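*Asks:* Line order of the protein sequences matches chains S and Z. Residue 109 in the numbering used here sits at position 109 of the first sequence, with consecutive numbering throughout. Residue 1102 in the numbering used here sits at position 102 of the second sequence, with consecutive numbering throughout.
In short, the hints are calculated from the structure, not lab data. What you are looking at is a predicted structure, and each value in this text was computed from that prediction instead of being measured. Cβ coordinates follow ideal geometry from the N, Cα and C atoms, glycine included. Some hints could be false.
To give an idea of the interface, some chain Z residues facing chain S are shown, with a C-beta separation under 8 Å as derived from the structure [said to hold, decoys possible]:
hint : residue
1    : Pro1008
2    : Arg1013
3    : Leu1043
4    : Tyr1048
5    : Val1052
6    : Glu1069
7    : Ser1099
8    : Phe1104
9    : Gly1105
10   : Gly1107
Calculated cross-link-like contacts (lysine to aspartate or glutamate; reagent style EDC-like; alpha-carbon spacing at most 20 Å) [to be verified]:
hint : chain 1 : residue 1 : chain 2 : residue 2
11   : S       : Lys100    : Z       : Asp1054
12   : S       : Lys42     : S       : Asp85
13   : S       : Lys42     : Z       : Glu1101
14   : Z       : Lys1057   : Z       : Glu1069
15   : Z       : Lys1070   : Z       : Asp1054
16   : S       : Lys42     : Z       : Asp1038
17   : S       : Lys100    : Z       : Glu1062
18   : S       : Lys49     : Z       : Glu1101
19   : S       : Lys42     : Z       : Glu1062
20   : S       : Lys100    : Z       : Asp1059
21   : Z       : Lys1070   : Z       : Asp1030
22   : S       : Lys100    : Z       : Glu1072
23   : Z       : Lys1071   : Z       : Asp1030
24   : S       : Lys49     : Z       : Glu1072
25   : Z       : Lys1071   : Z       : Asp1054
26   : S       : Lys100    : Z       : Glu1015
27   : S       : Lys42     : S       : Glu71
28   : S       : Lys49     : S       : Glu88
29   : S       : Lys58     : Z       : Glu1072
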Amino acid sequence: AQSVTQLDSHVSVSEGTPVLLRCNYSSSYSPSLFWYVQHPNKGLQLLLKYTSAATLVKGINGFEAEFKKSETSFHLTKPSAHMSDAAEYFCVAGGTSYGKLTFGQGTILTVHP
Amino acid sequence: DGGITQSPKYLFRKEGQNVTLSCEQNLNHDAMYWYRQDPGQGLRLIYYSQIVNDFQKGDIAEGYSVSREKKESFPLTVTSAQKNPTAFYLCASSMGLPSNEQYFGPGTRLTVT
């Protein structure tokens, strides 16, 4: 069985400060891992993807994530938050049959001016 | 432009009526998926299809039906048997391999009164 846990349901930061969204996974094999972002009433957009080629993955809009097998973590970071980063973020695991994904519960990021 | 389209964006129905949500993709993806999103519950898989004329139940298939007569189309019918149909519905597609990311449509918000 595979599971994804996002450790914070809400994160609040000030514009220009770093962002850290935490994600732990549980899997009996090495999964593919993704971060998606969802703005209100919109579909999900892929931020970045890990598939074992490199442990530090760079994504769009300045986001990056580091895969740490020993900690079973895949935290998402950004050095400096922008107002447009305010959205809900999902950590997702793949690697099961037929391309099915396992979603975390989501983290809502609020950015204050 | 390649992508996934869902229509309509907002849909209102009376209780007891069946309703069909449209999903079309021009990415030439083999696999397509339907998810339901409720506040605080992340995304839950309703149905998925790996190839034309074949589909499988996801985690919450009761009260829903699908068809996959064409590679590019995967309509979802919400039947009157679905007890709580009001939700945000997201369609996605992928190449179908375990490491493949899914691409999401903009979603349809269904309200049943």
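*Asks:* Against each hint, give a clear statement of whether it holds in the structure.
*Replies:* Hint check:
A cut of 8 Å between beta carbons decides the hint on Z/Pro1008: the least distance to chain S is about 13 Å, and the hint is violated. A distance limit of 8 Å between C-beta atoms decides the matter here; for Z/Arg1013 the minimum to chain S is near 19 Å, and the interface restraint is violated. With 8 Å as the threshold, the beta carbon of Z/Leu1043 comes within range of chain S, its nearest partner Cβ sitting at about 5 Å, so the hint holds. At a threshold of 8 Å, the smallest CB-CB gap from Z/Tyr1048 to chain S is about 7 Å, leaving the interface hint in force.
For Z/Val1052, the suggested interface contact is broken, since its CB lies about 15 Å from the closest CB of chain S, more than 8 Å. About 19 Å separates the beta-carbon of Z/Glu1069 from the nearest beta-carbon of chain S, more than 8 Å, and the hint is not met. At its closest, the beta carbon of Z/Ser1099 sits 4 Å from a beta carbon of chain S; the interface hint therefore holds under the 8 Å criterion. About 4 Å separates the beta-carbon of Z/Phe1104 from the nearest beta-carbon of chain S, less than 8 Å, and the hint is met.
For Z/Gly1105, the shortest C-beta to C-beta distance to chain S is roughly 5 Å, which falls under 8 Å, so the interface hint holds. Because the smallest distance between the Cβ of Z/Gly1107 and any Cβ of chain S comes to about 5 Å, under 8 Å, the interface hint for this residue holds. As the CA atoms of S/Lys100 and Z/Asp1054 are separated by approximately 15 Å, the hinted pair is consistent with the 20 Å bound. The suggested pairing of S/Lys42 with S/Asp85 holds, with an alpha-carbon distance near 14 Å, which does not exceed 20 Å.
Taken as a hint, the S/Lys42 and Z/Glu1101 pair is honoured in the structure, with Cα atoms around 18 Å apart against an allowance of 20 Å. The hinted pair formed by Z/Lys1057 and Z/Glu1069 meets the criterion: a straight-line CA distance of about 17 Å does not exceed 20 Å. The suggested pairing of Z/Lys1070 with Z/Asp1054 holds, with an alpha-carbon distance near 11 Å, which does not exceed 20 Å. Restraint check for S/Lys42 and Z/Asp1038: satisfied, since their Cα atoms lie roughly 13 Å apart, inside the 20 Å limit.
Between S/Lys100 and Z/Glu1062 the alpha-carbon distance is near 18 Å, which keeps this suggested pair within the 20 Å criterion. At roughly 8 Å between alpha-carbon atoms, S/Lys49 and Z/Glu1101 fall within 20 Å of each other, so this suggested pair holds. Restraint check for S/Lys42 and Z/Glu1062: the C-alpha separation of about 25 Å exceeds 20 Å, so the hint is violated. Between S/Lys100 and Z/Asp1059 the alpha-carbon distance is near 11 Å, which keeps this suggested pair within the 20 Å criterion.
A threshold of 20 Å between alpha carbons decides the hint, and for Z/Lys1070 with Z/Asp1030 the separation of about 10 Å falls inside it, so the pair holds. With a C-alpha separation of about 19 Å, the suggested pair S/Lys100 and Z/Glu1072 falls inside the 20 Å cut-off, and the hint holds. Between the alpha carbons of Z/Lys1071 and Z/Asp1030 the distance comes to roughly 7 Å, so the proposed pair stays at or under 20 Å and holds. Our distance criterion of 20 Å between C-alpha atoms is broken by S/Lys49 and Z/Glu1072, whose separation comes to about 25 Å.
Straight-line distance between C-alpha atoms of Z/Lys1071 and Z/Asp1054 comes to about 10 Å, which keeps the hinted pair within the 20 Å bound. Among the hinted pairs, S/Lys100 with Z/Glu1015 is inconsistent with the structure: their alpha-carbon atoms are about 31 Å apart, more than 20 Å. For a cut-off of 20 Å, the pair hint linking S/Lys42 to S/Glu71 is broken: about 32 Å separates their Cα positions. Taken as a hint, the S/Lys49 and S/Glu88 pair is honoured in the structure, with Cα atoms around 17 Å apart against an allowance of 20 Å.
The straight-line distance between the Cα atoms of S/Lys58 and Z/Glu1072 is roughly 31 Å, outside the 20 Å bound, and the hint therefore fails.
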